[in-house]
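J.: Take a look at the letters that make up each chain.
2 protein chains.
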Amino acid sequence: MYMTSKTNHALQSSLANFDNADGELKVADRLITEIAGEAGTPFYLYDRASLHKRYHQLRQALPADLNICYAVKANPNNSIIRELDALYDGLDIASKGEMMRALDAGSTADRMSFAGPGKSADELKFAIENDIGAISVESAREIDHIRQICQDNNKQVNILVRVNPAFELSSSGMKMGGGPKQFGIDSELVPELIKSLVDDRYLRFHGIHIFAGSQNLSAESIADSFDNILRYAQTLRVDTGVPLPIINMGGGFGIPYIAKATPLDLQAVGLHLSRILQSYRTELPETSFKIELGRYIVGECGIYVSRVLYRKVSRGETFLVTDGGLHHHLAASGNLGQKMVHRPMPITVANKLDHPLEHVNLVGPLCTPLDTFGMRMELPTANEGDLIAVFNSGAYGYSASPLGFLSHNHPKEIIL
Amino acid sequence: MYMTSKTNHALQSSLANFDNADGELKVADRLITEIAGEAGTPFYLYDRASLHKRYHQLRQALPADLNICYAVKANPNNSIIRELDALYDGLDIASKGEMMRALDAGSTADRMSFAGPGKSADELKFAIENDIGAISVESAREIDHIRQICQDNNKQVNILVRVNPAFELSSSGMKMGGGPKQFGIDSELVPELIKSLVDDRYLRFHGIHIFAGSQNLSAESIADSFDNILRYAQTLRVDTGVPLPIINMGGGFGIPYIAKATPLDLQAVGLHLSRILQSYRTELPETSFKIELGRYIVGECGIYVSRVLYRKVSRGETFLVTDGGLHHHLAASGNLGQKMVHRPMPITVANKLDHPLEHVNLVGPLCTPLDTFGMRMELPTANEGDLIAVFNSGAYGYSASPLGFLSHNHPKEIIL
Chain A
0 MYMTSKTNHA
10 LQSSLANFDN
20 ADGELKVADR
30 LITEIAGEAG
40 TPFYLYDRAS
50 LHKRYHQLRQ
60 ALPADLNICY
70 AVKANPNNSI
80 IRELDALYDG
90 LDIASKGEMM
100 RALDAGSTAD
110 RMSFAGPGKS
120 ADELKFAIEN
130 DIGAISVESA
140 REIDHIRQIC
150 QDNNKQVNIL
160 VRVNPAFELS
170 SSGMKMGGGP
180 KQFGIDSELV
190 PELIKSLVDD
200 RYLRFHGIHI
210 FAGSQNLSAE
220 SIADSFDNIL
230 RYAQTLRVDT
240 GVPLPIINMG
250 GGFGIPYIAK
260 ATPLDLQAVG
270 LHLSRILQSY
280 RTELPETSFK
290 IELGRYIVGE
300 CGIYVSRVLY
310 RKVSRGETFL
320 VTDGGLHHHL
330 AASGNLGQKM
340 VHRPMPITVA
350 NKLDHPLEHV
360 NLVGPLCTPL
370 DTFGMRMELP
380 TANEGDLIAV
390 FNSGAYGYSA
400 SPLGFLSHNH
410 PKEIIL
Chain B
0 MYMTSKTNHA
10 LQSSLANFDN
20 ADGELKVADR
30 LITEIAGEAG
40 TPFYLYDRAS
50 LHKRYHQLRQ
60 ALPADLNICY
70 AVKANPNNSI
80 IRELDALYDG
90 LDIASKGEMM
100 RALDAGSTAD
110 RMSFAGPGKS
120 ADELKFAIEN
130 DIGAISVESA
140 REIDHIRQIC
150 QDNNKQVNIL
160 VRVNPAFELS
170 SSGMKMGGGP
180 KQFGIDSELV
190 PELIKSLVDD
200 RYLRFHGIHI
210 FAGSQNLSAE
220 SIADSFDNIL
230 RYAQTLRVDT
240 GVPLPIINMG
250 GGFGIPYIAK
260 ATPLDLQAVG
270 LHLSRILQSY
280 RTELPETSFK
290 IELGRYIVGE
300 CGIYVSRVLY
310 RKVSRGETFL
320 VTDGGLHHHL
330 AASGNLGQKM
340 VHRPMPITVA
350 NKLDHPLEHV
360 NLVGPLCTPL
370 DTFGMRMELP
380 TANEGDLIAV
390 FNSGAYGYSA
400 SPLGFLSHNH
410 PKEIIL
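Note that the protein sequences, when read in sequence, are chains A and B.
Mind the numbering: the first sequence is residues 0 to 415 in numbering that gives the first Met the number 0, read in order.
Mind the numbering: the second sequence is residues 0 to 415 in numbering that gives the first Met the number 0, read in order.
Just so you know, these hints were derived from the structure itself, not from any lab.
All of these numbers come straight from a predicted model, not from anything done at the bench.
Possibly wrong hints are sitting among the right ones.
Identical copies go unnamed one by one, so any copy, or any two together, can satisfy a pair.
Taking lysine-lysine and the BS3-like style, the derived pairs with C-alpha atoms no more than 30 Å apart in a straight line are [said to hold, decoys possible]:
(1) K194 with K154
(2) K351 with K52
(3) K52 with K259
My request is simple: use the sequences and hints to build the entire structure.
T.: Right, here's the structure in full:
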């Protein structure tokens, strides 16, 4: 039995992703205390079985003809890329660095698609020289750069036009459509641009890319986004007369981070998507549909584990001071874009799952009040030496944290 | 002439710290375009002359018998530590990693003092074995650890008791006094603790450490903090009958980050401090007074420089997309503890100081709307290739940023 407030849905959901025995979390059939004893704390732990389970959930729920790509930005760890490249239909990369990491992990350039508002000439050159699968272009100026590089190197490259739609794509999650944006080309300029690309000697127009949003937990809202994207694409197809070989609809599938959040209904997303793709299939007969997911693919497979160094009472409040903190896991400290009140991520005492709950302040070793994963939060009663697990740490964890802050050791990354 | 809103006091102050010629920023007598041309962008640039100037300002303004130490956490760059270790009276370190960096930079352990709420046994052992100058202890439990390590290694170590005062130390800046805290030992427990340390075989009681706050721009408020600290110390001296060889009063001197902020009046701080030290001198005759500064010593000496990759207009708004961003400079993106509205740091176009102003959105290359140093901010009109300078980047810049986020190259660090 796990002692937790029944109202912490995110934590319940996280715990359900992993086994436990005798009040201890198990990953890959091993007790967390064993893993920590061998590796030393703190560490990020990625669970291969969870990666595969998520893949099968996605493949089972979503239409068979929908390509699903992995967005490397979520977790560029070599083993993670290697594992996911073997499962999914391609890799989305956001920098030359990510492309190099993906190549190092054994992937091939033709499986990669490159998007980002600030691609440098050096990055574009590297991508083109290595025969990248496609580039999502985000401005007319970028197209000029690409054409020049292709000309200099006698190369052709597949181009997706990234569109900044004039409409808001969905009613929840992180909004990225509508209004002025650094991402993509304003939709009102897209038809002329596409027509100008037909029969380009260097750029093969390959379709469009629209980012559907981020961290969305509503199946209906995600479905609305995709429906809006395809309605737009259909109009564009008619207006320009130019076929759209690929429509990259972005991703935006969320995972539950905060107590009141419940998991995305993936079956419902799948049913919506089947219906939506079906309804546009006749009008977009040449089109392959693609989504790109990062957080949803890799987020829940990862746990950040630190150890309690001190249990300390100050003026009636209990502090657990751990050997890990903000420097290793910025998002868990509430400083990666969360501008409001800090709401703790799903966190527990990994080797005391069945201990009675208490309210504690969970803090790291840094000399700053920012270094907390949660104040007055409910956790199983813990002592020095116990292990704190932060779930949902597979995406935007290690790579999105200021590892050099206060010059502590970097956490290990372990995949089991 | 520099074109800027007269109301941006922080930017005016930053510009006054550096030379310029023909509308270009100069550092160490070199034009910023030259430096960028040689080094490639983005980079952090630290100005040795500014470091020395700040040292002389501090030494001239503050009482001669006040020791001033450098808090390595602000910037642990090897050259910076080397430079500052030669100028100041010692180094404050916050981790074994910082101690190793300081040793690498040529400093000696006796010049170092170690504070932090989560020192691990390994960190304490390293510090004690290397004969660190002093350790600020933050809990009774930590004292047990230290005593055990000293016993095992037949060592003695100087101990400062870090105090969590019952009072709020000042009326502005980041508050760290009063209430339950992970930092220090609650003041009500300190007298007994100190008496218990007298004649300890392994721990030499060396005084107290009270953190006065952080990023405070008011001389009066800083003076109040110091006055409160010394009043407390005097009472403690009387209550315990135990001399206080050192009182580390922390620091907290701020630098102006946001438009409306004006620089700290250092002369006023100095006058207040002289008066305050004088007033407690007779009651604390055995005491050396010490402050530790990080941000104030090194913050204004550093500039983060990136280059405009794209100038892009979307639906009537202009975006400058640069090759640097949040991943290199988390604080400039408003994600290092600033929970409210993002207020830009002092930023300008370093090679177009005299160009007419316009309103632009300054964004980085990352695929996230978080990657901005300022939306609709006033900057000299810039084009592709121009250089964006973020001032006040010498402290909590490079080392406090998620450098691996989206796998771009790390910025260079240059000292001139």
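J.: For each hint, tell me whether it holds in the structure or not.
T.: For each hint, the structure was consulted:
1. K194 with K154: Answer is within: at 21 Å inside a copy they meet the 30 Å cutoff, but 79 Å across does not.
2. K351 with K52: So K351 and K52 pass the 30 Å test inside one copy only (26 Å; across, 54 Å).
3. K52 with K259: within (24 Å within a copy, 53 Å between copies)
Violated hints are absent here; each numbered hint is respected by the structure.
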